[in-house]
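Novice: Position chain B relative to chain A; hints supplied.
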Amino acid sequence: MNWIKNLCFLLCLSFFVTCSINQPADNSSGIPFIDTGIDSAKWVTIPAGEFLQGQHKHKTTIDYDYEIMRTDVTNAQFATYLSEALQKQAIQVADTGIFAFHPGEPFDNYKHEKEIKAGDWLLMPLGKPGARISFESDSFRVEPGYENHPVVMVTWFGANAFAEFYGWRLPTEIEWEKAARGSDGRVYPWGNEIGRNQANYYSSRHLFAKLFGKRTITTPVGYYNGKKYGDFQTLDSPSAYGLYDMAGNVWQWTGDDYKDTHLHYMRGGSEANYEYNLRTWARNNASPDYYGINVGFRCVREKKPEMNAP
Amino acid sequence: MQLFLQRFNYLFQSTKGLVLVAISLVSMVTALFGMLSGPMVEWGIRDFVVDLFNMKLLAEEREGRIIMLYHTIAMSVLAIEVYFITSIVPMKKHQQSTINATITFGYIIALLFGLKFAYFGHDFVYHGLFLLGQSLVFFAGLLLAAALWPWNKETYVTNKDYAHTRRGIDLERMAFFVMAVATLGSAIFGAVTASYWGNGHETFLAEDLIREPHKNPLQLAVIGHLHIMLTLIAIAITLIVGRWLDFKGMFHKISMRLMIAGTVVITLGVWAVVPYQPIAHKIIYVGSVLVMLAAFFLVVFGWRKLIHDRLQELGIEKGGFWKSLRALLHDPLKFGPLWQMVFMNFTVSGVGIFMAINLDKIFRVWPAREERITLTGHWHILSAIIATIIILYYADICGLKGRVRQWFGWLVIICSDLAFAAVTVFSMKRLFVQEIHQAAVVNWTMLLADFGLAMVLLIMALLLLWRLFDLFKGSGLWKKEFDNPELEVEKTADVSPYPHIPQQGGPKS
Chain A
3 MNWIKNLCFL
13 LCLSFFVTCS
23 INQPADNSSG
33 IPFIDTGIDS
43 AKWVTIPAGE
53 FLQGQHKHKT
63 TIDYDYEIMR
73 TDVTNAQFAT
83 YLSEALQKQA
93 IQVADTGIFA
103 FHPGEPFDNY
113 KHEKEIKAGD
123 WLLMPLGKPG
133 ARISFESDSF
143 RVEPGYENHP
153 VVMVTWFGAN
163 AFAEFYGWRL
173 PTEIEWEKAA
183 RGSDGRVYPW
193 GNEIGRNQAN
203 YYSSRHLFAK
213 LFGKRTITTP
223 VGYYNGKKYG
233 DFQTLDSPSA
243 YGLYDMAGNV
253 WQWTGDDYKD
263 THLHYMRGGS
273 EANYEYNLRT
283 WARNNASPDY
293 YGINVGFRCV
303 REKKPEMNAP
Chain B
3 MQLFLQRFNY
13 LFQSTKGLVL
23 VAISLVSMVT
33 ALFGMLSGPM
43 VEWGIRDFVV
53 DLFNMKLLAE
63 EREGRIIMLY
73 HTIAMSVLAI
83 EVYFITSIVP
93 MKKHQQSTIN
103 ATITFGYIIA
113 LLFGLKFAYF
123 GHDFVYHGLF
133 LLGQSLVFFA
143 GLLLAAALWP
153 WNKETYVTNK
163 DYAHTRRGID
173 LERMAFFVMA
183 VATLGSAIFG
193 AVTASYWGNG
203 HETFLAEDLI
213 REPHKNPLQL
223 AVIGHLHIML
233 TLIAIAITLI
243 VGRWLDFKGM
253 FHKISMRLMI
263 AGTVVITLGV
273 WAVVPYQPIA
283 HKIIYVGSVL
293 VMLAAFFLVV
303 FGWRKLIHDR
313 LQELGIEKGG
323 FWKSLRALLH
333 DPLKFGPLWQ
343 MVFMNFTVSG
353 VGIFMAINLD
363 KIFRVWPARE
373 ERITLTGHWH
383 ILSAIIATII
393 ILYYADICGL
403 KGRVRQWFGW
413 LVIICSDLAF
423 AAVTVFSMKR
433 LFVQEIHQAA
443 VVNWTMLLAD
453 FGLAMVLLIM
463 ALLLLWRLFD
473 LFKGSGLWKK
483 EFDNPELEVE
493 KTADVSPYPH
503 IPQQGGPKS
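If you read the sequences in order, they're chains A and B. Just so it is clear: in the first sequence, position 291 is 293 by my numbering, and no numbers are missing. Just so it is clear: in the second sequence, position 268 is 270 by my numbering, and no numbers are missing.
Next up, chain A with everything else stripped away, as it sits in the complex:
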């Protein structure tokens, strides 16, 4: 029986050695800036018309054109907004975070429904691990290298406040889905298959530890555009309408307010998810004051081509 004991010992030893090979911690500030060449200030027009919605592909029509951001809102864009909003006294900065007034939402007093009353709500916490934006010497600063990464740690109130500040809004779920999958009912924004060089998701996380020297959580917006970064060749993976990061990287808040629940829905999947969460119909939701290291957003607007994001 000794050989069994030795075998078990060796198995346990090799297991613990394997576990010890961990990813570098994300505790130092700054990473190399990577220019993806994708302009995050661009908007893309989604034409009116029919598309196949949801897993079971229900024919759904959106009868108006609209524009949607080509990428997620970046840290730099959000920091610019915060500076402008602070100047116009549209937000307040406290030690714990950034707040703004929200007029509240209809309350149906349904089971598990959270009441969203009028008042100051958190847009983004300050000083929390994972936040890439800080408030120093009366100005907002983005952690070096993360300027063109999607903004994270932003609540639904923060996303909504950003959009409203510029006269835009968050996309509804069907607007988001149509922008992601086009009219041919595809599974992922770029087609029906997924590979590690097409999106930032759970199965590709080790790669970024290698590329950036540490686990960055997010990748720059538009990273998967066919460019080669070091010895890593990405596959150009835009949606049917040319949007980037509609699958993976960060979940994206959407704007719908549903009766009997004030949970707000997110779409797209994130770096923490397996591929099935990146399917164009996959949904997630959270309380509107929730923030996370892999939750961001993008905006839509009526078709006004002359306007640009900051």
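Hints in this document: simulated from the structure, not taken from any laboratory. Misleading hints may appear alongside valid ones.
Estimated spans, in silico, between C-beta atoms of each pair [claimed, not checked]:
#, chain 1, residue 1, chain 2, residue 2, range
1, A, 49, B, 281, 47 to 55 Å
2, B, 51, A, 238, 27 to 35 Å
3, B, 204, A, 49, 23 to 31 Å
4, A, 122, B, 215, 25 to 33 Å
5, A, 51, B, 291, 54 to 62 Å
6, A, 95, B, 215, 30 to 38 Å
7, A, 97, B, 204, 43 to 51 Å
8, B, 212, A, 97, 53 to 61 Å
9, B, 39, A, 233, 53 to 61 Å
10, B, 359, A, 44, 47 to 55 Å
Ideal Cβ positions, reconstructed from N, Cα and C, are used throughout, including at glycine.
Specialist: Using the frame of chain A, we list chain B on its own:
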């Protein structure tokens, strides 16, 4: 030919052989289809398996595939439990043979054609055969319920230590009967919904609807169906373990009454989900408490018995704490099932109660995907705990002895519990660690879970390989099992195995 026929008869006509076939099939299915998810994707194993077996996996059909896979595994587990029940609960030989033959044919057809349809291209003939297989399993359930009819005087208890009514009705048999009837009704609950598939009902996983404020009746029925079926499978294995350990005496009398009442209440509670959703949960909670108390009495009885029997074996009249503890842990195969029932409270019931209490305060603040992980985690653990109890019982049936028995038993217990604990920590990680620092927790817990489950599968594989090689022997263990095919338990009543023949005069099985 004779050699082949003998082995075929052993595998498909004896209880022990039938259990071996079903466990082997479930193990193979688990090992093969387990390669399609989790870390297997990252390691590239899934792609290799998909290419090797020419599987056709469309992303939009993932939920449907998983549902069919769950059903094929569930049918096999049901079959194993039915084999146990027809062997340990007194009934006629022809009833046992008919039930076993029907369910065997049914679950194998459901398993083969269900998986063929789900993973290897859609031919609706296969889907029809999948339904046929499930229908046969249902029909076997009807036969089982008829065979378990508790008001048959011949089945009244002969030993008054077993739970019974004043008239002598065997309450353990009644508990099995109630469980069987509840299972049949709950199967219909799911089948009715399935009959609307493509005609108002769309495939979904219950965990994807957790936060939908309004669910339609078909969705509610599916959610109820999956919960009650797993609960009833757990109730069945608890009753089976009770008979294995010769559960009797005062605890048996209390426990069986609680189990019968609990099974009825919990089942009605789940069925009430469709018309009376607001109060259904409260009914289910009441039923759950009764069933869990019944299991608690079994554990108390079982542990006392294990200690008592071992001390008696050693000639010790009264042992202190340590001697009693050593006696309790002496036989992992018998200690294990009861321990797994206790451990379940930390990883399933405890988590469930904690979630229910803190739902709005904690879990509904988290993203739905996190709540979903906790929910799917805890019911996967419950399923796996039931599987480990079956494995431990089967190892005992195989007659593992000495060090092999010790190694097998303890490795199954420790490795599976390690995996279950890791999954529990993984699913609740937000309670202990900030999101940004969770990578290490995720890595460790996932590796521990994979390691634990892989070890259990490896140990099972070794056991099954041994049984496979044994089949090539002329007078191996299989021959002994063929000659003595029934499970060795104390029965609650003396029922003649053959109709119209008195017990003493009947041929030995």
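Novice: Decide, hint by hint, whether the structure agrees.
Specialist: Cross-check of the supplied hints:
In this structure the hint that residue 49 of chain A and residue 281 of chain B lie 47 to 55 Å apart at CB holds, the actual value being about 50 Å. Checked against the hint of 27 to 35 Å, the C-beta distance between residue 51 of chain B and residue 238 of chain A comes to roughly 29 Å, which is consistent with it. For residue 204 of chain B paired with residue 49 of chain A, a C-beta distance near 28 Å keeps the hint of 23 to 31 Å intact. The hinted window of 25 to 33 Å between residue 122 of chain A and residue 215 of chain B holds, with their beta carbons roughly 27 Å apart.
The given range of 54 to 62 Å is respected by residue 51 of chain A and residue 291 of chain B, whose C-beta atoms sit roughly 56 Å from each other. Checked against the given bound of 30 to 38 Å, the beta carbons of residue 95 of chain A and residue 215 of chain B, roughly 35 Å apart, stay inside it. The supplied range of 43 to 51 Å is met by residue 97 of chain A and residue 204 of chain B, whose beta-carbon atoms lie about 49 Å from each other. Hint check: residue 212 of chain B to residue 97 of chain A, Cβ distance near 35 Å, so the stated range 53 to 61 Å is violated.
With their beta carbons about 30 Å apart, residue 39 of chain B and residue 233 of chain A fall outside the hinted range of 53 to 61 Å. Between residue 359 of chain B and residue 44 of chain A, the C-beta spacing of about 48 Å keeps the proposed range 47 to 55 Å intact.
Of the hints listed earlier, those the structure fails to meet are numbers 8, 9, in rising order.
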